[in-house]
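The listed protein sequences correspond, in order, to chains A and B.
When the first sequence is numbered by our numbering, its final residue is 1468 and no position is left out of the sequence of numbers.
When the second sequence is numbered by our numbering, its final residue is 365 and no position is left out of the sequence of numbers.
Bear in mind the hints are in silico, worked out from the structure with no lab data behind them.
Think of the CB as a built atom: it goes at the ideal place given N, C-alpha and C, for glycine as much as any other residue.
Hints may contain errors.
Claimed, not checked - Going by beta-carbon spacing under 7 Å, a handful of chain B positions derived as facing chain A:
hint, residue
1, W86
2, H92
3, D317
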Amino acid sequence: MVQTTFEEISAADFFYRNRDIAGFTNPSRAIFAAVRELVENSLDAAESLKMPPDIYVRLSFEGEAGKESQIYRLRVEDNGIGVPPRHIPSAFGQVLFGSKYKLKQQRGTFGLGGKMAILYGQITTHQPACIISSTGASKAYMYKLMIDIQRNRPLILDRKVRINKEQWRGTIVEFCLEGDYFRAMPKILEYFKQTAMVNPYANLTFVDPKGRLYKFTSVTKEMPDPPKETLPHPYGVDVELLQRLIQVTPYKNMLEFLRHHFHRVGEITARKFLEFSNISPSKNPKKLSHGEIVRLMRMLKRFREFLPPDAGCLSPVGEELLRVGILKELKPEFVAVHQRKPSTYAGHPFIIEVGIAYGGEIPKKGSFLIYRFANRIPLLYDEASDVSVKVINSMNWRRYKVTPDMPIAVSVHICSTKVPYKTVGKEFIADRPEVKREVANGLREVARRLQRFLTRREHVDRERKRLGIFSKYLPKIAQFSAQLAGKEKQPDIKKLLRSVEKFAA
Amino acid sequence: MPRRRYKSSIIERRKEVLTGLENLGVRIYEQLDRGYFPSIEMPSRSTENIYYDPQVRQFILGDKRVRRSARNIRHIRPFTQLVWTAFFSHELASQRKTSTLRDVYYSAQAYEMSFKDQQESNNIITDLETVLGSSREDFNIFPEERSAIFGDLTIEYTVPDYEGRTLNLTSHPDGVMIGPALTSSEFVKTTADKVIAIEKGGLFTRFIEENVHKKFNAILVLTAGQAPRATRHFVRRLNRELNLPVYIFTDGDPWGMHIAMVMISGSANAAHLRELATPDAKWSGVWATDIVNYKLPTDPLDEVDVKRLYELQKDPRYKDPLWQREIKMFLKIRRKAEQEAFSRYGLTYIVDKYLPAKLEETK
Ligand SMILES: Nc1ncnc2c1ncn2[C@@H]1O[C@H](COP(=O)(O)OP(=O)(O)OP(=O)(O)O)[C@@H](O)[C@H]1O
Ligand SMILES: [Mg+2]
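Taking the hints into account, I'd like the entire structure generated from these sequences.
Structure (structure tokens):
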């Protein structure tokens, strides 16, 4: 007889068993993912204060682990907002605990990343993590903790408080983990480079296990406006959300309910909508039947006159900063950037920003270099599955005089309160038609500008070449004809050369 | 006793060419000096401007002309190359040095006047020929391939260091190479009363061994396949200056037939030039009818042979009844024969029997 046993597992246990889906697949991927998750937390922490991030990352060798992996100590320091002391244990010791579950554009979304890194370190080295943090107040706190996997709770092994005379603010996370740095090295360095590209106001320092120092220095003090929290957009609501809002709302009629709980719905729009959907403005939302709620949801999606989500709740890089970032890291000869108007998919606002860079230090590879970003995070894995790559591959580039053998780098950035990732590993963007269309339109715009540049350059080149030909051959004609005619003096060709030049201008 | 019995064309021609080149230089110089982009006009060599002239009995260029201007970005390079080639030819001709087509190609590099390839430099030389109306041999540029001559003709060299020296063309049993020194020489005296041109080296040597030059009082010329221009010009001189009739013997196939025709009526490629053709020369064999009459061992005609025959049938140079008849016969018997085929009747048969008969027949 087979016995089936039922048991419940904790969230920590679940992710411990399924660490693949969070990107901790093997020693090389894991060390990359750990660096990445901590750096992103630090970027979020600094940006939420509108402070240019200053992040220091160090990986040091601790000992051999297996045939293909070693033990490393990872330390990440930032100048971010810091974590209030009472939240430190849970923020770093409890899976699915975080401060970023709001409708707000941030890198972190799941309340998982930092913990997965710590959890992975714990199961491969059985050592606690050390977190030091201060919000800039008079004290700084140090916690040594491990994660109780079965109960999904932090286990505090040590706690120290020290006086923070210098008013230091920020967070330091340090722990050991198993990894294969030399396999992961190209991706890690690429990660820093691309992060510097879309965060040109950040200072990133990385010291690798060999003691090599990589520095990515900020080139601007300008920063995008920090994202604001926002209300849900009517196109994005589902029945579940409507029910939750109805439960908590203090408003007694539909007009006020719509005006106060939805993004970009004012008095006029609310009235128009209610008329459109044949709902009385004075109806009490709490009196809506389940059927009426379902209908309300459908009508919200059908009404064409809601304004698109306001860009204010999103924090795109901005054309100027994107240009600066691309110029700084890729050193191209030409760059065109373009920010699309905000758009929505399933009611979530998003903005696509694209850049195309040509020539300079960009290598010729026989295909474009593609840089993908989401909420200012570089995406480095699973490129082939990404929506941008699909759009790029299906575009008719020849229309723009562009061929794959040209030195071209394409960058696509999506920012959204909810990036449509396919997995919690946050590696590639799903194939949403709305996103696809925006990416395509953005790419067409920059491709047109690249084409204009190429055409102009071709023209200048052609003229320069033309001039070169005349100034190469005319003197020879003068020389040989003079000799042939038996003349001592060569004819004066300066005037002719000048006339060619004038023509060229 | 005056040494030169024959009217010479050599000195005259050299002078003409030198002045032609100098005038070209002056024309270009003056245009430049007046602040114009220089340009040159010449007859067009495109196929639609090539006509067969029954009067002159050779291909000639029509009235269409082309203009090469240094103003034009696509012309300026070939224009410069043309001026350089004129300058270089003038150097050669005035210093009485010769150069091969290949030499020209390489010499250009010394003047930073590179040609893309040999073909490009050859084309420019042809342009210069067209502009001046004289052939490249006149400005001392020769192709690599050489043919040979043997027979009782005494020539006098005009090239430096040999000037005034004479040579009898029987002095070497392999024959004498028809090179620049020979083609620029004057004719002094001859006892020959005809010229026999032969396509193949083997038969040329046989004829010398068999004393054909003595038995038939002939100057023997080896064309070595399609005759080089220098040879064609030389044969024409033999015909014009010495009044010697010319008989041509080739293989019995469309290609051999055409070797004879080019010597007689010139080629479309050289339509811009005169004085290469010998319109009075005769094709004496091997004819298609010879193949039949002499029961020669044969090979079947290939597809390309047949195709070529149909082309020649429509060619204006072939409109004479004799040529038309032979083309028809080739097409009828669908066979071809080489000159060596006569060896089936013994090594001397061709000299003893065939040659006298054909010389008589085509007189
Ligand atoms: N360097 C830091 N500075 C300040 N707060 C931090 C820092 N690192 C983590 N936190 C806090 O800890 C919480 C949990 O971080 P964690 O990386 O586990 O999840 P997340 O960033 O919210 O989401 P994600 O799973 O997408 O990374 C964050 O929401 C944030 O409040
Ligand atoms: Mg995170």
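Right, here's what the structure says about each hint:
1. Annotation: W86/B was flagged as interfacial toward chain A, and the flag holds, the nearest CB pair being 5 Å apart, inside 7 Å.
2. At a threshold of 7 Å, the smallest CB-CB gap from H92/B to chain A is about 6 Å, leaving the interface hint in force.
3. At its closest, the beta carbon of D317/B sits 39 Å from a beta carbon of chain A; the interface hint therefore is violated under the 7 Å criterion.
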